[in-house]
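Enquirer: Using my numbering, the first residue of the sequence shown is number 36, and each one after it goes up by one.
Careful, some of the hints might be misleading.
Said to hold, decoys possible - Each computed EDC-like pair below joins lysine to aspartate or glutamate, with the alpha-carbon atoms no more than 20 Å apart:
hint, residue 1, residue 2
1, K117, E47
2, K61, E109
3, K212, E227
4, K117, D51
5, K63, D219
6, K122, E166
7, K122, E199
8, K248, E227
9, K173, E275
10, K122, E99
11, K117, E96
12, K122, E47
Bear in mind the hints are in silico, worked out from the structure with no lab data behind them. The structure presented is a predicted model; accordingly, all values stated were derived computationally and were not measured.
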Amino acid sequence: MRRKLNDFQIEEIQEDQYLQEEMGSKPKFWFNRSESEDELWLFKYHREGRGEHWAEKVASEVAELLNIPHAIVELAVFRQTKGTATKSFTDRYHELIHGNQLLSFIFNEYEPEKVQKQSDHTLFNIWSVLEAVFEQEKSESAKQTFCEYITLDAFIGNTDRHHENWGVLMDFHMVSKSVAPSYDHASSLGREINDDRRIRLLEEDRVGRYSEKGRSPIYRSSEDTRGLSPLGVVRTAFNESPGSFSAVLQRLDQLDESSLEEIVNRIPDDWMSIHAREFAMGLMLYNREKLLEIDS
36 MRRKLNDFQI EEIQEDQYLQ EEMGSKPKFW FNRSESEDEL WLFKYHREGR GEHWAEKVAS
96 EVAELLNIPH AIVELAVFRQ TKGTATKSFT DRYHELIHGN QLLSFIFNEY EPEKVQKQSD
156 HTLFNIWSVL EAVFEQEKSE SAKQTFCEYI TLDAFIGNTD RHHENWGVLM DFHMVSKSVA
216 PSYDHASSLG REINDDRRIR LLEEDRVGRY SEKGRSPIYR SSEDTRGLSP LGVVRTAFNE
276 SPGSFSAVLQ RLDQLDESSL EEIVNRIPDD WMSIHAREFA MGLMLYNREK LLEIDS
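Model the full structure from these sequences, guided by the hints.
Expert: Right under this line is the structure:
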């Protein structure tokens with residue numbers, strides 16, 4: 036029996052809040068949270084039984100614990116359909132330039148439309164983009180921020196850091212630039228597997244194997260046929276730039292396990308099963324142990 040805490044608030048979106056549909060592979064739309072607020076939020080429909088909504092919410096709360104810049108996410112319902120509401124982190128003066136746009140600008144042969152099996156999406160190429168976009172001192176800061184994002188990915192088991200799931204915020208004069216907050220974490224925490232498999236993996240002590248077999252869309256080399264695991268991305272990047280991880284790994288080391296349990300337990304019962312909670316906790320604790328071993 037889980038310890039009952041105050042559940043996360045669920046945003047009830049009304050018909051008159053609907054503004055416009057957003058293009059993309061999955062249905063979503065922009066809305067105003069209230070008449071008095073000018074800020075935009077994006078509602079994402081999530082597939083029944085796939086756990087994308089609770090994974091997004093838990094990931095955003097974990098990022099907050101680790102002081103990692105992230106998109107603000109709330110659980111939400113529209114027309115009795117469960118989903119998430121994500122606050123826009125752009126404004127009228129800044130736009131999001133996605134990673135694939137930046138990579139194709141720096142590397143002429145980079146294919147920006149190719150998401151699957153995009154082996155040119157390597158750490159070396161990502162570092163090259165950040166060095167080209169930002170001045171020397173700021174490029175080191177940008178690199179550290181990206182290292183925080185891939186550490187978050189490894190911690191929560193996010194396997195969807197493809198080239199459209201990171202980017203840079205720029206003003207229209209290309210003077211003000213910053214790495215965009217981390218966003219789109221729905222492919223995390225084993226949300227895609229069913230409870231029967233979760234139970235087996237936990238009982239057979241195979242959570243670690245599940246974690247290590249996961250594949251990130253970030254590659255070690257363009258010659259590789261598959262991406263690194265989320266943990267493998269951090270291991271590889273740490274070997275190249277250990278200093279970029281010092282602060283975030285220290286924060287991870289100081290993280291209280293009970294604070295993670297509190298986040299997981301605040302997802303409403305009809306949104307996340309007890310076995311999903313147990314597996315999410317087991318996965319994060321395994322990944323945390325392996326991340327801290329990297330710097331030991």
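Enquirer: Determine for every hint whether it applies to the structure shown.
Expert: The hints, checked one at a time:
1. For the suggested pair K117 and E47, the alpha carbons sit about 10 Å apart, so the restraint of at most 20 Å is met.
2. Between K61 and E109 the alpha-carbon distance is near 18 Å, which keeps this suggested pair within the 20 Å criterion.
3. With a C-alpha separation of about 35 Å, the suggested pair K212 and E227 falls outside the 20 Å cut-off, and the hint is violated.
4. The hinted pair formed by K117 and D51 meets the criterion: a straight-line CA distance of about 18 Å does not exceed 20 Å.
5. Under the criterion of a C-alpha separation no larger than 20 Å, the hint pairing K63 with D219 is consistent with the structure, at around 13 Å.
6. A C-alpha spacing of about 28 Å is found between K122 and E166, which places the hinted pair above 20 Å, so the restraint is violated.
7. For the proposed pair K122 and E199, the alpha carbon gap of about 18 Å is at most 20 Å, so the pair holds.
8. As the CA atoms of K248 and E227 are separated by approximately 14 Å, the hinted pair is consistent with the 20 Å bound.
9. Distance check on the hinted pair: K173 and E275 sit about 18 Å apart at the alpha-carbon level, within 20 Å; holds.
10. Straight-line distance between C-alpha atoms of K122 and E99 comes to about 14 Å, which keeps the hinted pair within the 20 Å bound.
11. Using a Cα cut-off of 20 Å, the hinted pair K117 and E96 holds, with the two alpha carbons roughly 18 Å apart.
12. At most 20 Å may separate the alpha-carbon atoms for a hinted pair to count; K122 and E47 meet this at roughly 15 Å.
In this structure, the earlier hints numbered 3 and 6 are contradicted, and the remaining ones agree with it.
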